[in-house]
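Engineer: As given, the protein sequences belong to chains A and F, one line each in that order. Here my numbering is used: the first residue of the first sequence is 1, the next is one more, and so on. Here my numbering is used: the first residue of the second sequence is 1001, the next is one more, and so on.
Worth flagging that the hints you see were computed from the coordinates, not collected in a lab. One or more of the hints may lead you astray.
Said to hold, decoys possible - Simulated pairs of lysine-lysine, BS3-like, Cα-Cα distance not exceeding 27 Å: (1) F/Lys1293 x A/Lys102; (2) A/Lys130 x A/Lys148; (3) F/Lys1263 x A/Lys79; (4) F/Lys1270 x F/Lys1449; (5) A/Lys162 x F/Lys1037; (6) A/Lys162 x F/Lys1263; (7) F/Lys1438 x F/Lys1449; (8) F/Lys1258 x A/Lys146; (9) A/Lys58 x A/Lys164.
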Amino acid sequence: MIVKRKELSFWERLYLPAVIGGFKVTLRHFFKKKVTMQYPEEKWVVPDGYRGAPYLVKDQEGRTKCVSCQLCEFVCPPKAITITPPGPAGAPEAGNVEKAPKEFEINMLRCIFCGYCQEVCPEEAIFLMKDYSLTGSTREEMIYKKEKLLALGGVHNDRIQKWKNK
Amino acid sequence: MSALESKPAPPPIEKIRIKVDGRDIEVPRMTPDWQGKLQPTTMLQACALAGIDVPHYCYHPKLPIAGNCRMCLVEFGTPVIGPDKKPVLNEDGTPKMMRSVLPYEPAAARGAIACATPISPGMEIYASSAATKQMREAVLESLLINHPLDCPICDQAGECKLQEYSVDHGQATSRFAEEKVHKPKQVDLGPRIVLDDERCILCSRCVRFTKDIVGDDALGFVNRGSYNTLTHFPGKPFDNNYTLNTVDICPVGALTSKDFRFKMRVWFLKETKSICTSCGTGCNIVIGSRQEKIYRCEPRQNDAVNSCWMCDYGRLNYKWIGRDDRLTQVKRQNPSIHGPGGEPASSVSNWPAAVREISTKLRASPASSAAIVASARQTNEELYLLNKLAQQLSAITDAVPRSGQSDHLLLSADRNPNSTGARLAGICGDQMGSKLPKIAEGIRKGVIKTLIVFGEDVTKHGIGADLLGRLDLLIVSDILPNATTKLAHYVLPACAHAEKRGTFTNIKGRVQKFLKAVEPRGDARPEWEFLHELVFAVTGRNGFVSIEGLFNQMAEEIPAFAGITWASLGDSGVTIPI
Ligand code: SF4
Ligand code: SF4
Ligand code: SF4
Ligand code: SF4
Ligand code: FES
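Given only the sequences and the hints, what does the whole structure look like? Please build it.
Structural biologist: Shown next, in the form of structure tokens:
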């Protein structure tokens, strides 16, 4: 389809009126209160409910809450999550925890911070936290492993502790 | 077992008319039961014929009926019969129906278990009435009273009947405020099975399977009421060769496989129809794989071969496919020069070059100076191509027999999946392996200068390393390295059955096809592909470049396969006279 271009009027072709209009806006803002934030020296207060990077959490007694059900891996739209299930042997240090992931990776370059993983998790083991600016100098560095995710996630004070009385 | 044997066509069966959900249908009065004996058709079978699925747990078409889970309850009605023994009619001429009701409470519907109640002429089954729905909801609620919230850690999740019916007939919240009964978890039932008693819904499928199908009365229930618990007899582990079938038929996640436990969630698995290659029975299977890794094999129903079952030995014999020492390169070797680790000097080649060089050498070799040792683990098509090569070279051929203990159910003493195919293709005579000494003798005398070996370690079968060293040309195709591949001049990396397509002919003459589940490793290629190229280069006669075309060509040439095509094999195969 060819869209016909409208002919410019003489006034529009003069070009100066548009420049003057632009300067007017600049001048108006010049005398107003400043709104620009000096990021990164100045940091923004992240509101509650913000969807930042997803991290794993532990319960009050230090157990990994994630049970490696792989629902988040399944639901994740960009396939950012890769879980290695524990297999039949189970980790010796796991105690009465019947199932926990052997490895849990989130590729933060792929993650779109959609929050589906948090929503689907039946164990409340993964939460989108307030980190929004993740940097690294290699791609590998941006694939967060289980230990890092657990360290960043911290403790979740949940009323239900799945493995406490098992 | 009689259910496994094919029967002559039964005489025509009388049909009766019934109504399912208001729809008139005609169903046979009798239907074969789990043993293949004719029994009165049940409401559940009639509903299935009408295309209506009645939820059930304890019913299994290949097991005796127990009728203990009550999930299949349906409301039904029978025609009212007058004193004259004729149906009483309504004013509009339709037969008057008597709905099933509780004897002491005529307003309340009374269900019957569809899995065990035979149909009668004129019966109406209300498979989706409000009363039927209410019965299902009540049964499900009672089954869930003590059920743990284990789905996130349960291997059955995703293929669990309890999950499925909970979605259809369950409630979002539980009304059960009391403390749940706790039963043993992670019980070690035997070498391959873990039991979680809290998840068991006491359907007794596993008990019936092991008692009535396997004949090993190993499982049973102890205690009563809510404390009713499945267990094995004390001091008698559940360890027969068919235990893993109970994992398949357990409708919930109570019985789980130690091999598959916590390895992968089932919804990630790609399912490929295949054949077990561990013995001559050729059980039909489904391979579950993800990202080119095989996680499990499960039986696939084929009443002409394996019913719904397979043996544990065959099921667990898949791990070698993922071994790290697989042959992955086409190699030219000089076995007379050794490296520091005793490895022969070798250089990596590629398929076009190797096929070119090998075919030049084979064409130049004098007639009858070559021999071929094939494997009865190869497909019909591959053996057919090898035989073509043998005819051109006037080569003597044979395959290697492999045997073990057979059992009463499925496992055959012939541990090659395609012995029949090797015979039909003309690779070996009735006595497989009888020509191997002759081949050894030929090499010793220097008559045989070229040996082609497919998928066997001939050093273990009478053609030792000293003999192999005398050959001018040793071409070996295999999947894993062995003593023969070390001495080869050419090593051609081959595929496991899960990595290619093809057909096998089982001991009873059932020709069955299998499909590709995972990609081959490295440079490995299906044998039929490069054999086809080699046969073309040596004989000059072209064949088909697709497995379908190749199979059809073979079926036309070998009389035993006459009349069958790749397409007519379907999923369950065709039996040929052998
Ligand atoms: S937030 Fe979304 S994209 Fe990121 S890991 Fe979770 S599901 Fe995947
Ligand atoms: S959904 Fe939750 S419990 Fe399941 S694997 Fe993901 S983080 Fe772990
Ligand atoms: S273990 Fe499974 S098959 Fe056996 S009785 Fe329990 S639910 Fe049924
Ligand atoms: S009986 Fe034979 S074919 Fe069947 S599963 Fe066992 S080994 Fe495989
Ligand atoms: S299926 Fe269990 S009672 Fe009918």
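Engineer: Taking the hints in turn, state whether each one holds.
Structural biologist: So, going through the hints one by one against the coordinates:
Distance restraint check for F/Lys1293 and A/Lys102: the Cα-Cα separation of roughly 18 Å lies within the 27 Å cut-off, and the hinted pair is therefore satisfied. Simply put, A/Lys130 and A/Lys148 have alpha-carbon atoms about 16 Å apart, close enough for the 27 Å limit, and the pair holds. About 19 Å separates the Cα atoms of F/Lys1263 and A/Lys79, which keeps this hinted pair within 27 Å; it holds. A threshold of 27 Å between alpha carbons decides the hint, and for F/Lys1270 with F/Lys1449 the separation of about 46 Å lies outside it, so the pair is violated.
For the given pair, A/Lys162 sits about 50 Å from F/Lys1037 by alpha-carbon distance, which is inconsistent with the 27 Å threshold. About 21 Å separates the Cα atoms of A/Lys162 and F/Lys1263, which keeps this hinted pair within 27 Å; it holds. At most 27 Å may separate the alpha-carbon atoms for a hinted pair to count; F/Lys1438 and F/Lys1449 meet this at roughly 14 Å. Distance hint between F/Lys1258 and A/Lys146 is fulfilled; the C-alpha atoms sit about 25 Å from each other, no more than 27 Å.
Simply put, A/Lys58 and A/Lys164 have alpha-carbon atoms about 13 Å apart, close enough for the 27 Å limit, and the pair holds.
Of the hints listed earlier, those the structure fails to meet are numbers 4, 5, in rising order.
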